[in-house]
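Peer 1: Sequence order for the protein chains is A and B.
Be aware that the first sequence starts at 1, since it is given in my numbering, and climbs by one per residue.
Be aware that the second sequence starts at 1, since it is given in my numbering, and climbs by one per residue.
Treat the hints as calculated values from the structure; they're not laboratory data.
If you're wondering where the values come from, they're calculated on a predicted model, not measured in any experiment.
Beta carbons are placed, not taken as given, at the ideal position from N, Cα and C, and that holds for glycine.
Everything hinted at is true.
Calculated lysine to aspartate or glutamate pairs in the DMTMM-like style (CA-CA distance at most 20 Å, straight line):
{"no.": "1", "chain 1": "B", "residue 1": "288", "chain 2": "A", "residue 2": "126"}
{"no.": "2", "chain 1": "B", "residue 1": "349", "chain 2": "B", "residue 2": "45"}
{"no.": "3", "chain 1": "B", "residue 1": "348", "chain 2": "B", "residue 2": "112"}
{"no.": "4", "chain 1": "B", "residue 1": "358", "chain 2": "B", "residue 2": "306"}
{"no.": "5", "chain 1": "B", "residue 1": "281", "chain 2": "B", "residue 2": "384"}
{"no.": "6", "chain 1": "B", "residue 1": "108", "chain 2": "B", "residue 2": "92"}
{"no.": "7", "chain 1": "B", "residue 1": "281", "chain 2": "A", "residue 2": "126"}
{"no.": "8", "chain 1": "B", "residue 1": "187", "chain 2": "B", "residue 2": "174"}
{"no.": "9", "chain 1": "B", "residue 1": "208", "chain 2": "B", "residue 2": "221"}
{"no.": "10", "chain 1": "B", "residue 1": "227", "chain 2": "A", "residue 2": "268"}
{"no.": "11", "chain 1": "B", "residue 1": "201", "chain 2": "A", "residue 2": "268"}
{"no.": "12", "chain 1": "B", "residue 1": "114", "chain 2": "B", "residue 2": "92"}
Computed footprint of chain B on chain A, listed as stretches where at least three residues anywhere in the stretch have a Cβ under 8 Å from a Cβ of chain B:
{"no.": "13", "segment": "132-144"}
{"no.": "14", "segment": "212-222"}
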Amino acid sequence: MDFVHQLIQQLINGVSLGSIYALIALGYTMIYGIIKLINFAHGDVYMVGAYIGFAAVTMGGLPILPALLISMVLTACLGMLVERIAYKPLRHAPRISLLITAIGVSFFLEYTSMYFVTPTPRTFPEVMPNISFNLGGFIINGQQLLILSITIILMALLTYIVQKTKLGKAMRAASFDTETAQLMGVDSDKVISMTFCIGSALAAAAGVLVGVYYNTIDPLMGIMPGLKAFVAAVLGGIGILPGAVVGGIVLGVVEALVAGFLSSTFRDAAAFAILILVLLIKPSGLFGKNTNEKV
Amino acid sequence: MFFFKKKFKLASMIACGILASALFTGCGGGEQGGSSGGDAKPAGDEIVIGANFELTGNHAQYGANANNGLKLAIKEVNDAGGVNGKKIKIVEADAKSEAAESVNAATKLISDDKVVALIGPAVTANVIAESQVATDNGIPVIGPAATNPDVTVENGQVKPYIFRACFIDPQQSEVMAQFAAKDLNAKTAVLYIDSSSDYSKSLGKIFKEKFEADGGKVVMEEAFLAKDQDFKAALTKIQTANADVIFVPAYYEEVGKIIKQARELGITAAILGTDGWDDSKVVDIAGKDALNNTFFCTHYFEGDAEVQGFIKAYKGEYNVEPNVFAALGYDAGKMLINAIERGGDDPKKIRDSIETIKDLPVGTGKITMDAATHNPIKGIVVIETKDGMRELRAKIAPEG
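Just chain A, with the same shape it has in the complex (with noise of 0.2 Å):
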């Protein structure tokens, strides 16, 4: 195989792992934008949400489209609920402090899990198609089209919410100032609540179709990609959402050239490499403005 071969397949590599940093980074970029927190916990969400969609499949004999949705709904009250229980209380503390409770719901959540569904991982069953193109010598997955497109859908229909629609005014005022959002009418407990509610519910898409896609879940398998969500979230510029879909992409390509040319040992230190990067040199991120806003 030739050079011009190889990097090409390596593109193609980077970018269909990128799309899966892209969709779980979507939901963090979003909790982020608007209550400015960084909900560490949103990989395990995506974990729960595996299972819930592997529960559906499994034990409902459901077929994947309606699992999807069921999980995605049942995911978004289990984020609704994180968000009252542990979230809420805290809103005016400072933000340490949420960012403390966020590692502590992502452990609660991950080893809660391990107890009720065994550390065992689990294997979903054929639920759809699994076909892999060769165009001319490149192998495509076709699931990770799907993933793709999904990505890209949804990355649309945020924007389009959080832009067009009035739930999307009154998300971005409670984002610009709490307060006096809620002094012009904006109930902001509803709106943050339902950000956490299509936060998860995103987190829900991801964990089932990653689930589907590589096959198997287990209790922490939220820990490296939440991990690398953040990264390309960072790097996109946080709070954006076509920021987090470029960062996930990015983030993917670099660590398949990075694996495929330099050697695959140094494929997490690229990225994290990158987030230090991005924070050093432009901490708002590629597609973020220049404010001066405090960590």
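We have chain A; now place chain B onto it with these hints.
Peer 2: Showing chain B alone in chain A's frame:
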């Protein structure tokens, strides 16, 4: 603020409740045993042993399986009337998949629960970690699945109290390197190693030495990390090496995905591995077709007549197929039971009798302990997967 406090209180009460109940279910019987005896040692009608396994954390799936295997072995002997008229009681502790926690758990089992022997943990590093505290207290340890040579040996000296129930890594790598060179006529190989695992790294190193000594060449070495999901970038690179075999000494979850993705990319070369592959889930993860032309070595072949009893008993108890960790946990339990039967339940005597185990029938076959190395003398099998079914390719009899 008031509300918050109230909720926090409630939350912490719930948390305490969960913790407390976990503790009580964990060692409920232990309290009674200790108090009724009145002595530091528990009542004379019970032999207390410690199960120190990774029940949570990254290695929980291995630890939990080994623990289940051990529990089955103990349950069987207790149902049959116990050992020398005494029942064996297991006290469990969680090694939490971390070396430091493994030491804590071992210390707790030895000093609080007064166990006479320890079984576990599943992973090499955690067994090595606890070996000092066990040796200092003179409590024998059997590591069911710790295949690293350093588990039982330190500075060329065998550790008096540490044993294992499995073969060691160099044997696995040697068998697979030889298999690649002789049976598959491979001239070139690629190593694809889990760089987060000592197990994987040491297997890779020895494979390379042996394979090159046999005249082959390792043309590329790549690495991944446990819990990775996507391997296509490195696999695309591996494909360019065009080697005869790819050696992936790793655990089944990653292995399944690696094989699946390799075949998707059109890699047809033989893929080789070690006992970490040994779980029926590999077929679910990778798919039947992808697993053709893959080979791994392990501790037993499920089609062998002598392991049928164990497989049937395990399925009866847990309603799932045992994997290799479960089998080795069971073997370790059997070894300990046999040692207690022959020598009594004093830790020192248990140690002596483990050393002299000979031709003991266990779950995976027959076991004889090599007193000089504390490694059991056991055979290795090489298994080929064809259309999702396992076939025995080679059986290497124990040496010595």
